[in-house]
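Following the hints, complete the assembly by docking chain B onto the known chain X.
Residues per chain are reported as follows:
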Amino acid sequence: MLTVGIDIGSMTTKAVAFADGKIRGAAVLPTGWQPKTAGEAVFREVQKQAGCPPAAVQYVVGTGYGRACLPCAHEVVTEITCHARGAYHMIPDTELVIDIGGQDSKVIRVGRRGRVEDFVMNDKCAAGTGRFLDVMATALGMDVDEMGRRATGGAEPAGISSMCTVFAESEVISLVAAGAEKASIVAGLHHAVAERIAALAAGFLPVACIAFTGGVAKNFGIKRALEQILGCPLLLPEDPQIIGALGAAIIGQERLDRRRI
Amino acid sequence: MSIIQPFLDAQEQRTRELAELRRAGRKVIGFFCLHTPAVLIEAAGGIPVRLCLQGDSFVQRRGEVLGRSCICPFIKACLGHLEQRHPLFAQVDAIAAGSMCDQIRHLADIWRSRFHKPAYVFFQPRGLEQRASGWIYRRELRWLFAELAAFCGGDTKEQELKEIIARYNLINWYLSVLHELRAEDVPPITGKEWLAVVRAGFMLASGDYLCLLRSLIEDIARGKGRCRGTAVRIMLAGGMLAQGDDRLVQTVEEGGAMVVTDALCTGTRVMGSKIAVQGNLLDNIIDAHRGKTPCIHARPNDGLYAYIDRQLKQFRVDGVIYHGLKFCEGWGSEWVRMQQFLKGRGVPNIVLDTDYGAIDAGQLATRIGAFLEMLRAQKEGMYDGVL
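Going line by line, the protein sequences match chains X and B. When the first sequence is numbered by our numbering, its final residue is 261 and no position is left out of the sequence of numbers. When the second sequence is numbered by our numbering, its final residue is 387 and no position is left out of the sequence of numbers.
Since the hints were derived computationally from the structure, they do not count as laboratory data. Please read these numbers as outputs of a predicted model, since none were measured by experiment. Where is the CB? At the ideal position from N, CA and C, for every residue including glycine. Treat the hints with care, as some may be off.
[Said to hold, decoys possible] Pairwise CB distance ranges (calculated): (1) X:Ser162 with B:Asp102: 20 to 30 Å; (2) B:Ala361 with X:Thr152: 32 to 42 Å; (3) B:Val336 with X:Gly51: 46 to 56 Å.
[Unchecked claim] Chain X is faced by these chain B residues, among others (derived, beta-carbon under 7 Å): (4) Thr366; (5) Arg367; (6) Glu373; (7) Ala377.
The shape of chain X in the complex, shown without the other chains (with noise of 0.2 Å):
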């Protein structure tokens, strides 16, 4: 019984194969300016790597902000749903899941079985979320990637007063033009998104487990910070960008069994 959870975000579209409680193929692309054929790529190559054709997915569930765009979704749910329960299968005794994505940065309370008890969002605007940190990396002449290892280092964060991409992005070219080292101006970053997420999660908290999703997740900057400011640490699932595909897929598992039930 073969499901495949599509999560077409922003920035990045991803899709997991899952069968038997686990995960078949998982596949990341950049979702560029087609959803669509992102999705549909992402969609055959993990079909490839779980080394079936087309005709054994018995069931796709689609996720992320380009959810509405995919033909061969039988079944759209939103990545807040998704996240929580991605997040659960990965790591059971979750109760807290912050997921920051490309365009979105969500603090999601976990109850039974994965299911959704309470969430909250980030604004419309860009401020903490995978974009904010792309605009800023542009900004120092440096990739996504260099910034999470550039905060390795452990250097004194400079201060960040705004969280607004367009006005932060002038205070770092000004922090650059008066000679702030880099790494420090990366640390100051890392600080400035981790406090804003964590104004967002602490009308729920405190919680004994918290498990970090998203692709910013994987920048170990951010995770740092956010273990700071929150005072306890965050749980990292394997691959915390697919979370919210896994989740899905799972989702729809959940159909093919309850159709049989």
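Chain B alone, transformed into the frame defined by chain X:
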């Protein structure tokens, strides 16, 4: 054809009708807030029109020319429509505005100074428990009545006044009958249709509106217009959802849930208590109006919370969407107390701040979608893993 189509058709004709009435010497009085009594304007000989239209980004930018970018989008839209000489706004001879909302008061200032038309601003006491507030309220509305009667040349006789009051009482009664039908498992109209019916009353002549309401109730009694049943019943609480601002209710209802009640300035809170027809009729109008569900700005505004509590129970609400317009400090600040209130009653809730732009369409769909999924899971066990 939708069961409420006659309301929409009548609204389309209304601007032309207003122009004809003005040519015959009548005066159109615009107002913005539900706490400005339309019945009083009509009693003074004016034609009341509640100006309640949203404005697209072009209108918003025009509004910013007269105001500032950081004012609420509704006021910005009003200013933009004024600047653009929107056909409805162009028919308005004067406005009546209460002092409860600061931004509406500033709108009145701009109206007066920029468009050189009268703006009658009456003082609304915010401290409802202060001993003088009832007296002040009466004094202010009597003043408004006298000013409008002088401006409109109104000389309403007692018998006419009684007829006007009877008409408004009947409108109020029909609206409450229609609203109470929404408590059924299969409501006769959707939340979007309810809002359209209420908003039609902002523009239409009271007599025509009453006829349309009566026909609607009769149609429903004959079994017309049954819409689908709903698993998830939503209440909207908040300020203005102006004409054309249907994204919120549409997203909810396209997502398979239904808005079964609300506590909006442009929804159920327009209804009030019956106006007595014995004694001093003007004072009766004023007193009945003062007894309406209090505005968010008033203190204490416990009556608003009591109203919401009754709605939650009567309409078996599963979740509340609290809506505020960006830069509306009243509804924006009240969220803290409202959230505690809803949490105390175990009612799931979500807060959404919107303006009239489409930039947040994706986020709005995700938030509302996830909220409905959460409520559906609680009710039906959907998304409630079986693995």
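Results of checking the hints against the structure:
| no. | hint | verdict |
| --- | --- | --- |
| 1 | X:Ser162 with B:Asp102: 20 to 30 Å | 28 Å, holds |
| 2 | B:Ala361 with X:Thr152: 32 to 42 Å | 39 Å, holds |
| 3 | B:Val336 with X:Gly51: 46 to 56 Å | 54 Å, holds |
| 4 | Thr366 | 5 Å, holds |
| 5 | Arg367 | 6 Å, holds |
| 6 | Glu373 | 5 Å, holds |
| 7 | Ala377 | 5 Å, holds |
Going down the numbered hints, you'll see the structure goes against none, and every one checks out.
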